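*Asks:* Kindly produce the complete structure, drawing on both the sequences and the hints.
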Amino acid sequence: MRQVHAGEHVDGGEYVDLAGATVWHFTAGEPTGPPTVLLHGLFASASSWGTQIGGFLDAGLQIFVPERPGHGHSPDIPGEFSFDTIVERTIRYLDEIVGRPANLVGWADGAAVALLVARTRPDLVSRLVFVGGYLNSEGRTADEFIARVARRDPTTVEYLRIYYDDTSPDGPEHFPVVYDKAIRMLTREPEFDVAEFAGVAAPTLVVVADRGLVRIEHALELSRTLPHARLAVIPGTHILPVESPELFNPLVLSFLAADPPSVWEFG
Numbered sequence: 046m047r048q049v050h051a052g053e054h055v056d057g058g059e060y061v062d063l064a065g066a067t068v069w070h071f072t073a074g075e076p077t078g079p080p081t082v083l084l085h086g087l088f089a090s091a092s093s094w095g096t097q098i099g100g101f102l103d104a105g106l107q108i109f110v111p112e113r114p115g116h117g118h119s120p121d122i123p124g125e126f127s128f129d130t131i132v133e134r135t136i137r138y139l140d141e142i143v144g145r146p147a148n149l150v151g152w153a154d155g156a157a158v159a160l161l162v163a164r165t166r167p168d169l170v171s172r173l174v175f176v177g178g179y180l181n182s183e184g185r186t187a188d189e190f191i192a193r194v195a196r197r198d199p200t201t202v203e204y205l206r207i208y209y210d211d212t213s214p215d216g217p218e219h220f221p222v223v224y225d226k227a228i229r230m231l232t233r234e235p236e237f238d239v240a241e242f243a244g245v246a247a248p249t250l251v252v253v254a255d256r257g258l259v260r261i262e263h264a265l266e267l268s269r270t271l272p273h274a275r276l277a278v279i280p281g282t283h284i285l286p287v288e289s290p291e292l293f294n295p296l297v298l299s300f301l302a303a304d305p306p307s308v309w310e311f312g
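282 is the number that my numbering gives to position 237 of the sequence shown; each next residue is one higher, with no gaps.
Honestly, the hints are just simulated from the structure, not real lab data.
Please note: incorrect hints may appear among the correct ones.
Restraint-style ranges between C-beta atoms, simulated for each label pair [stated by the list, open to error]:
#1 304 - 65: 36 to 42 Å
#2 305 - 199: 40 to 46 Å
#3 260 - 102: 48 to 54 Å
#4 202 - 240: 34 to 40 Å
Since the model is a prediction, treat every value here as computed from it, not as a measurement.
The C-beta atom is built at its ideal place from N, Cα and C for all residues, glycine as well.
*Replies:* So, in structure tokens, the structure goes:
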């Protein structure tokens with residue numbers, strides 16, 4: 046186990062104190078560009094966005110990529126993983142670190158976090174991209190990977206711990222604690238009614254893979270519930286941003302720059 050401190054620079058990022066935790070984040074880009082926060086999901090880290098960061102910076106965005114406690118370079122803290130605590134800390138990050146309304150791009154349960162932030166603090170969110178996320182267990186497909194995670198399949202456990210062991214200041218011996226907390230969160234949350242988000246006014250792009258973890262019907266329901274949402278279905282799986290950045294990146298950048306047409310103009 047290695048102690049970390051606010052202001053310490055590691056692997057191109059920096060540690061900051063935030064809501065009772067010391068978390069690592071990466072930021073880069075044009076200071077006057079649109080601030081855009083990339084939110085990873087459970088078992089992931091900032092490296093999940095490796096195929097997006099370069100292209101987003103080239104497009105003139107100012108990028109912020111925080112890592113949750115117990116993920117990537119951020120040490121774990123006591124207590125369970127929960128949407129309540131993740132959303133609270135994300136709001137503090139937007140308030141204290143970003144300091145102005147930002148685009149939120151959330152992947153997996155990071156997408157649900159982004160939507161919850163937009164519902165709680167609409168003043169902090171400019172635009173929202175909801176990627177491969179679901180809001181309740183009915184929205185999730187019966188996926189074999191999740192089943193393997195839940196039953197602690199040894200090959201799956203080893204796969205998930207590869208990057209943890211290399212980057213976590215808590216050391217490899219702490220991974221079982223993080224894994225147990227992640228499984229408990231995965232089996233309990235999220236459980237929200239899609240209708241609860243009908244008041245989220247931020248322009249939102251709902252992105253779903255045609256062979257992912259999310260039922261297309263669920264993504265369609267969300268896109269029709271949010272008052273300013275559009276739906277994109279892209280060939281791929283749950284790791285769509287990594288599989289097909291040549292499709293995903295231009296789609297997201299185009300949406301962040303302007304609303305897509307809503308009416309066919311002719312004549």
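*Asks:* For each hint, tell me whether it holds in the structure or not.
*Replies:* We went through each hint and held it up to the structure:
no. : hint                  : verdict
1   : 304 - 65: 36 to 42 Å  : holds (38 Å)
2   : 305 - 199: 40 to 46 Å : holds (45 Å)
3   : 260 - 102: 48 to 54 Å : violated (33 Å)
4   : 202 - 240: 34 to 40 Å : holds (37 Å)
Checked against the numbered hints above, the structure violates only hint 3.
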